[in-house]
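So the protein lines, in turn, are chains A and B. Using the numbering used here, the first residue of the first sequence is number 138, and each one after it goes up by one. Using the numbering used here, the first residue of the second sequence is number 18, and each one after it goes up by one.
Just so you know, the hints here were simulated from the structure itself, not pulled from any lab data. Among the clues, some could well be false.
Within a straight-line C-alpha distance of at most 16 Å, the following computed EDC-like cross-link-like pairs (lysine to aspartate or glutamate) qualify [unchecked claim]:
id, chain 1, residue 1, chain 2, residue 2
1, B, K114, A, D189
2, B, K114, A, D160
3, A, K342, B, E330
4, A, K426, A, E512
5, B, K114, A, D340
6, B, K277, B, E348
7, A, K383, A, E328
8, A, K424, A, E509
9, B, K123, A, D340
10, A, K427, A, E398
11, A, K424, A, E512
12, B, K113, A, D189
13, B, K233, B, E122
14, B, K286, B, D323
15, B, K108, A, D189
16, B, K108, A, D295
17, B, K113, A, D423
18, B, K340, B, E285
19, B, K108, A, D340
20, B, K57, B, D221
21, A, K427, A, E328
22, B, K197, B, D137
23, B, K123, B, E231
24, B, K286, B, E330
25, B, K340, B, E201
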Amino acid sequence: MTEPKRIAMEVSIAISEAVRQCDADVISAYPITPQTHVVEHLAEIAAQGHLDCEFISVESEHSALSACIGSSAVGARTFTATASQGLALMVEIMYIASALRMPIVMAVANRALSAPINIWCDHSDAMLARDTGWIQYFVENGQEAYDMTLCSFRIAEDNRVMLPITLNFDGFTVSHVVESLVMLTDEQVREFLPPFAPLYRLDPKNPVSMGPVGIPEIYTEARKAHDEAILASRAVIDEVWADFGKRFGRHYQAVEHYRTEGAQTLLVGMGGLTESMRGAVDSLRDKGKKVGLIRLRLFRPFPHEDLRKALGDAGTVIVFDRCLSTGGPGGPVASEIRSALYNLPKRPAIVSFIGALGGRDVRTSQFAELIERSEAIAASGSIPDYEMVGVRE
Amino acid sequence: MSTNFNIFAARLLSQDELFTQGHRACQGCSPALAMRLIGKALGFNMIVANATGCMEIICSPYPFMAWAVPWIHVAFENTAAVASGIEAGIKALRRKKRHYIDTGEKIAIVGIGGDGGTMDIGIQALSGALERGHDFIYVCYDNEAYMNTGNQRSSGTPFGASTTTGPAGTHSIGQTTQKKDFAEICAAHNIPYVATANVAYPFDLIEKMRKAKEAKGPAVIHLFAPCPTGWGCTASSSIKLARLATETGLFPLYEVVNGKYALSLDIEKLRPVEEYAAIRNVRDYLYDETAGCKDAQGRYRHLSPDLVARIQEQAHARYERLKAKVRMTQEW
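Here chain A stands alone, though its shape is the one from the complex (with noise of 0.2 Å):
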């Protein structure tokens, strides 16, 4: 086998590539920055005829989402993208997507959301959409992003799982990023990705109703039906990143884990900014200090018993948060790993710091001043429920 060819691409492009490389039948989505790069060049892809599919250019991403239900339901390959305030007004119909078990590839530019408008990046958009019963992933850069569109069709269509899945990735900072990839061949593709074989779809030879009405005698068993399906979903996502790896040579796992030897102090972080964290462990690292970063790549379903043994041994946890809870407990995910952690019999300090809103960048030597900072903060003994980093005043 001839060596891969390593190219430079920007990664919205190298998205839509592989989902020109999975052979998408339907594609219906909107435009909204920083997500149009994808969505132009699959437009485009369509119109040359390297892709046979049906392109729907819909009038909002409410239309968006629910042409892809309709599509999804007859049985029909489907991708979307989005961001921000699009998927803000998409988010009605994912919980509808999802509990209908509609393996539905979204991809996520994340952006921030208004007022003030903003079109740059923060993880806003996709904690809107926390609760909405999709598999949710955030990718660092664009290899990953490119990868994982190619897993996340095999996984939202298995048949163990049938969910939809939001692949989030960093707007600008990540999407419009040209970087070097290696992208697989058509053939190794179709090899790694079997064709979409629903066991239901609407089709008058063999009528199926979707979405009936839920009274209160089914309506709880729907919802639980909707969450073991999830959780279940965990053992095919490790499967599938599994294979990717042993077939392709790229490993994948939920939670990742850098430079964590003996680490007294671990930084959580997501998305693209860990590339910048990386930089920063390492700088104390060089320095004799004992830290580390874990970077949560799948969010939902929420790798609870990974994060417990990757963080249960730590003295101190930061949690950098790209989202502002307002008005709540901390950064959604700081809260979320704080949950994850309270019943151990011995938990780490919890440091939750809310930062990198709207674009704003927060460099490596922040980062490395964030860890040591935190460090202080967790001896101290008196510990915030979270802190906004970066505000001028």
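Dock chain B against chain A, hints included.
Just chain B now, kept in the frame of chain A:
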């Protein structure tokens, strides 16, 4: 339509029941009757996308289902978008020779929503789907208010009608605005087929459903269907009132085929709207059906003679305008 034609058509009607018995509609529910007729018109090779609303709720209390064809309900405002996804999905799969074997036979994809789910909250999704040219049928069954939630006003509620969110009172006449001209909005999308239909004219409805299926592109049926529960009329009067709505010119039956208007029923002399929306002795109507007021509508009980006169003017003006459009477009 001649009497002979009616008898002939009735014999030809399908014996199949696609919208079956056991659903939870109220007595005298004319939209439910319309669903049954739609099923008979289109046959089993159809897929229904149903908006939240009466017809959705009455047919699908899990684990029961009145429709004998594939059926999906997603939400309230997006039914046309769901239908467009179904259409696009089948189109792609047939082209790529997956799942759906293309026998050359068209699958009728039917979006169904009420006046609230269509003219109000669903108008954007519908407009988008019509503009994109998906090959599907959209049926708006119009009972002139949000009946599923208890007779709240919609943009399909007619002038003067009392609703729970636009009630008549000492300082209000009820609905102060004009009923939205939904069929005209659809026709403005330059789609192949738009028609109004009325549950009181079943053969006309069936014929129009078939034409809608044959149209190459989007087709819209604006279907008038009274709701006795919401209108405050007796269950037995819903078809009679539906017929009166057309005979008074308040809901004329017409088609717009590729932009060309044609009346389905050319009424030489419209009946006075008094017969439909007149002030009656409502107390008699409520307690004594023999008083001759059983076809009265509670929603109009407050109307004063001058308001009835205004409704009369509106009915005439609209009907004349429609006839002018027919004349104008027939010359093309």
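A quick look at each hint next to the structure:
Among the hinted pairs, K114 of chain B with D189 of chain A is consistent with the structure: their alpha-carbon atoms are about 11 Å apart, no more than 16 Å. For a cut-off of 16 Å, the pair hint linking K114 of chain B to D160 of chain A stands: about 13 Å separates their Cα positions. Annotation: proposed proximity of K342 of chain A to E330 of chain B is violated, straight-line Cα distance about 51 Å (limit 16 Å). Between K426 of chain A and E512 of chain A the CA atoms are separated by roughly 11 Å; this keeps the pair inside 16 Å, and the hint holds.
Restraint check: the Cα-Cα separation between K114 of chain B and D340 of chain A comes to about 15 Å, which is no more than 16 Å; the hinted pair holds. Of the pairs offered as hints, the one joining K277 of chain B and E348 of chain B holds, with about 9 Å between alpha carbons and a cut-off of 16 Å not exceeded. A threshold of 16 Å between alpha carbons decides the hint, and for K383 of chain A with E328 of chain A the separation of about 13 Å falls inside it, so the pair holds. Of the supplied pair hints, the one linking K424 of chain A and E509 of chain A holds, its CA atoms being roughly 11 Å apart against a limit of 16 Å.
Restraint check for K123 of chain B and D340 of chain A: the C-alpha separation of about 12 Å stays at or below 16 Å, so the hint holds. Between K427 of chain A and E398 of chain A the CA atoms are separated by roughly 8 Å; this keeps the pair inside 16 Å, and the hint holds. Under the criterion of a C-alpha separation no larger than 16 Å, the hint pairing K424 of chain A with E512 of chain A is consistent with the structure, at around 15 Å. For a cut-off of 16 Å, the pair hint linking K113 of chain B to D189 of chain A stands: about 8 Å separates their Cα positions.
Between the alpha carbons of K233 of chain B and E122 of chain B the distance comes to roughly 13 Å, so the proposed pair stays at or under 16 Å and holds. Annotation: proposed proximity of K286 of chain B to D323 of chain B is violated, straight-line Cα distance about 22 Å (limit 16 Å). Note on K108 of chain B and D189 of chain A: the hinted pairing holds, with a Cα-Cα distance of about 11 Å set against a maximum of 16 Å. Our distance criterion of 16 Å between C-alpha atoms is broken by K108 of chain B and D295 of chain A, whose separation comes to about 23 Å.
Distance hint between K113 of chain B and D423 of chain A is unfulfilled; the C-alpha atoms sit about 57 Å from each other, more than 16 Å. Of the pairs offered as hints, the one joining K340 of chain B and E285 of chain B holds, with about 11 Å between alpha carbons and a cut-off of 16 Å not exceeded. Distance hint between K108 of chain B and D340 of chain A is fulfilled; the C-alpha atoms sit about 13 Å from each other, no more than 16 Å. Among the hinted pairs, K57 of chain B with D221 of chain B is consistent with the structure: their alpha-carbon atoms are about 13 Å apart, no more than 16 Å.
The straight-line distance between the Cα atoms of K427 of chain A and E328 of chain A is roughly 43 Å, outside the 16 Å bound, and the hint therefore fails. At most 16 Å may separate the alpha-carbon atoms for a hinted pair to count; K197 of chain B and D137 of chain B meet this at roughly 9 Å. For the proposed pair K123 of chain B and E231 of chain B, the alpha carbon gap of about 9 Å is at most 16 Å, so the pair holds. Between K286 of chain B and E330 of chain B, the direct Cα distance comes to roughly 14 Å. Compliance with the 16 Å bound is thereby established for this hinted pair.
A C-alpha spacing of about 13 Å is found between K340 of chain B and E201 of chain B, which places the hinted pair at or below 16 Å, so the restraint holds.
Going down the numbered hints, you'll see the structure goes against 3, 14, 16, 17 and 21, while the others check out.
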